[in-house]
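Chains A and B supply the protein sequences, listed in that same order.
Taking the working numbering, the leading residue of the first sequence gets 81, the next gets one more, and so forth.
Taking the working numbering, the leading residue of the second sequence gets 81, the next gets one more, and so forth.
None of these hints come from the bench; they were simulated from the model.
Hints are supplied without guarantee of correctness; some may be wrong.
Same chains, same label: a pair holds when it works inside one copy or across any pair of copies.
Computed list of lysine-lysine pairs in DSS-like fashion (alpha-carbon distance at most 30 Å, straight line) [said to hold, decoys possible]:
(1) Lys91 x Lys193
(2) Lys236 x Lys200
(3) Lys191 x Lys180
(4) Lys102 x Lys150
(5) Lys150 x Lys104
(6) Lys237 x Lys191
Residue strings, one per chain:
2 protein chains.
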Amino acid sequence: MYFETIQQFQKVLGNLEAILVKAKHHADRRGFDANNFLGMRLTPDMFPLVRQIQIATDTAKATAAGLAGKEAPLYEDNETTLTQLIERVRSTRAFLQGFKANDFAGVEARKVKVPSTPGKAMRAPDYVMQRAVPNFYFHVTTAYALLRQGGVDLGKKDFLGDLPMIDL
Amino acid sequence: MYFETIQQFQKVLGNLEAILVKAKHHADRRGFDANNFLGMRLTPDMFPLVRQIQIATDTAKATAAGLAGKEAPLYEDNETTLTQLIERVRSTRAFLQGFKANDFAGVEARKVKVPSTPGKAMRAPDYVMQRAVPNFYFHVTTAYALLRQGGVDLGKKDFLGDLPMIDL
Chain A
81 MYFETIQQFQ KVLGNLEAIL VKAKHHADRR GFDANNFLGM RLTPDMFPLV
131 RQIQIATDTA KATAAGLAGK EAPLYEDNET TLTQLIERVR STRAFLQGFK
181 ANDFAGVEAR KVKVPSTPGK AMRAPDYVMQ RAVPNFYFHV TTAYALLRQG
231 GVDLGKKDFL GDLPMIDL
Chain B
81 MYFETIQQFQ KVLGNLEAIL VKAKHHADRR GFDANNFLGM RLTPDMFPLV
131 RQIQIATDTA KATAAGLAGK EAPLYEDNET TLTQLIERVR STRAFLQGFK
181 ANDFAGVEAR KVKVPSTPGK AMRAPDYVMQ RAVPNFYFHV TTAYALLRQG
231 GVDLGKKDFL GDLPMIDL
């Protein structure tokens with residue numbers, strides 16, 4: 081389920097990219113500066129859109145790298161335009177695409193470092209289930225809600241993406 | 081990972097219960113009707129808090145029941161008070177607590193029905209990874225953000241709960 085989690089992060093980042101593109105088109109159509117979205121917050125003590133996207137992508141790349149024992153690329157966190165944020169999401173997807181199922185062989189026994197608690201770590205299964213996945217969806221959902229509050233025409237399908245259905 | 085997902089839903093519903101209790105205390109302290117929160121929306125075309133909590137709990141119980149081939153309890157969706165919503169979260173946790181690891185033996189091969197697409201189903205692994213988990217966190221995050229927008233003193237820790245750390 082480790083590889084599947086990374087594949088799912090990749091899928092959702094694809095959805096997020098499409099959501100950001102929708103926001104860009106919305107702004108262009110209405111004739112306002114699309115970069116105005118970057119500073120929007122759901123409430124004054126929450127991070128603005130730019131930081132939500134930074135954390136969502138950081139969580140995705142840190143999870144893949146941490147589990148597979150690889151290095152994640154460092155981003156400079158200096159995006160000032162929506163186009164740069166779209167590019168960041170795209171780069172993160174490309175990074176995730178480089179992982180294969182066997183990068184995660186034996187990962188159950190691995191410890192994963194948590195930046196906010198130096199000297200401490202989490203067991204890989206706990207890290208994925210209790211930290212990486214909730215945190216990733218937290219920031220993607222918040223970004224989605226921000227943009228929806230900002231007038232972009234979004235629905236649940238934009239968030240979930242296509243679901244592979246089969247006959248009953 | 082099926083059983084672990086249900087255990088994680090149970091944990092997060094515990095966090096959600098504590099968040100709703102905080103909202104109740106906040107309202108009591110400020111001297112306004114805590115039930116005012118139920119109708120709050122992040123934006124006019126999103127569901128209000130009451131529906132966010134209903135869908136989060138529905139997703140949790142439908143996932144556990146659908147995967148294990150059991151029946152989920154039906155709720156009447158008629159909550160009008162914050163106390164009733166807290167009770168709904170609590171009942172859902174109790175329902176999830178009844179599942180054991182071996183309820184999910186062989187579930188990989190199971191098909192799970194999706195209410196919104198009659199006659200269709202999803203393979204259990206796709207259902208959990210691509211629909212149940214994202215949908216669950218979507219609604220819990222939205223409820224959290226709504227309450228935070230409503231002035232309740234919340235942080236990421238309320239959302240994630242305690243994380244089991246070990247030494248590096």
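Cross-check of the supplied hints:
1. Lys91 x Lys193: Classified as both: same-chain Cα gap 25 Å, cross-chain 22 Å, threshold 30 Å.
2. Lys236 x Lys200: Close across copies (19 Å), not inside one copy (37 Å); limit 30 Å.
3. Lys191 x Lys180: both (20 Å within a copy, 26 Å between copies)
4. Lys102 x Lys150: neither (33 Å within a copy, 40 Å between copies)
5. Lys150 x Lys104: neither (34 Å within a copy, 45 Å between copies)
6. Lys237 x Lys191: between (35 Å within a copy, 21 Å between copies)
In summary, the structure is inconsistent with hints 4 and 5 from the numbered list given earlier, while agreeing with the others.
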